[in-house]
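**Q** Sequence:
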Amino acid sequence: MNEMEVAAHIIEVVPYLSRTIAAEARQTLGDGWFTLVHVRVLAHIRRSGGCSLGDLAERRGVSLPTMSKMVSSLVDKGLITREPDPTNRRAVIIRLTEAGDQLYMEVLTKLQRNVAADLEKLTAQQCADIVSSLEALADVMTSMGEVRQHLHLPVDPEEVSFAP
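Positions in the sequence shown are counted from 1; adding 90 to them yields the numbering used here.
Take these hints with a grain of salt, some might be off.
DSSO-like cross-link-like pairs, simulated, lysine-lysine; straight-line CA separation at most 30 Å [claimed, not checked]:
1. K200 with K211
2. K167 with K200
3. K159 with K211
For each label pair, taking beta carbons as the anchor points, the in silico distance ranges come out as [said to hold, decoys possible]:
4. R130 with Q215: 28 to 36 Å
5. A226 with Q117: 26 to 34 Å
6. R130 with E93: 25 to 33 Å
7. V221 with P176: 35 to 43 Å
8. Q192 with E148: 25 to 33 Å
9. Q216 with V165: 38 to 46 Å
10. Y106 with A218: 19 to 27 Å
11. C217 with R137: 20 to 28 Å
12. S158 with D121: 23 to 31 Å
Derived by calculation from the structure, the hints in this document are not laboratory data.
Here the structure is a predicted model, which means the values were calculated and not measured.
Ideal Cβ placement from N, Cα and C applies to all residues, glycine included.
Modelling step: build the complete structure from the supplied sequences, incorporating the hints.
**A** And the structure:
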């Protein structure tokens, strides 16, 4: 298979996988108020240990007012807090509450179980090959550090676990 064929395959498969995982997440979340966007916001806050409103808006690709509304709704639900930034008294740091962390982990675990059920059809070596191939793809398309930081992936491939 030449590079053009590989590129065509990537362009076709990656969006399909993304849509499939998003659909799985929507099914996992049900029809309630808590959406995949909320999950991604909580994920970023959790992995960063706390972040600014601007950082969240930039990560999600939305305006500050849009993110501010989402943050307010998550604060009202008791899932996140706004804490004063010790380095800038005009800014706040957004952090997960225990309830927010618990909800995020519950949703993540359910989603991982659902995806893992599909992966049971593969051997351990095939799963390892997929992880390796995805990392190689990310590496050639941009610097691995930037991709890992953006996607909040573990820096060490050994940190990847297939267990729920």
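**Q** Confirm or reject each hint.
**A** How the hints compare with the structure:
1. K200 with K211: Between K200 and K211 the Cα gap is close to 18 Å, so the pair holds against 30 Å.
2. K167 with K200: Holds - the C-alpha atoms of K200 and K167 are around 21 Å apart, at most 30 Å.
3. K159 with K211: violated, 42 Å
4. R130 with Q215: 28 to 36 Å: Since the Cβ atoms of R130 and Q215 sit about 31 Å apart, the hinted range of 28 to 36 Å holds.
5. A226 with Q117: 26 to 34 Å: Distance hint for A226, Q117 holds at roughly 30 Å.
6. R130 with E93: 25 to 33 Å: Distance hint for R130, E93 holds at roughly 32 Å.
7. V221 with P176: 35 to 43 Å: The hint (35 to 43 Å, Cβ to Cβ) holds, given that V221 and P176 are roughly 38 Å apart.
8. Q192 with E148: 25 to 33 Å: Holds - the Cβ-Cβ distance for Q192 and E148, about 26 Å, lies within 25 to 33 Å.
9. Q216 with V165: 38 to 46 Å: Given range 38 to 46 Å: holds, Cβ gap about 43 Å.
10. Y106 with A218: 19 to 27 Å: holds, 22 Å
11. C217 with R137: 20 to 28 Å: holds, 23 Å
12. S158 with D121: 23 to 31 Å: Since the Cβ atoms of S158 and D121 sit about 25 Å apart, the hinted range of 23 to 31 Å holds.
The structure is inconsistent with hint 3 alone, although it conforms to all the rest.
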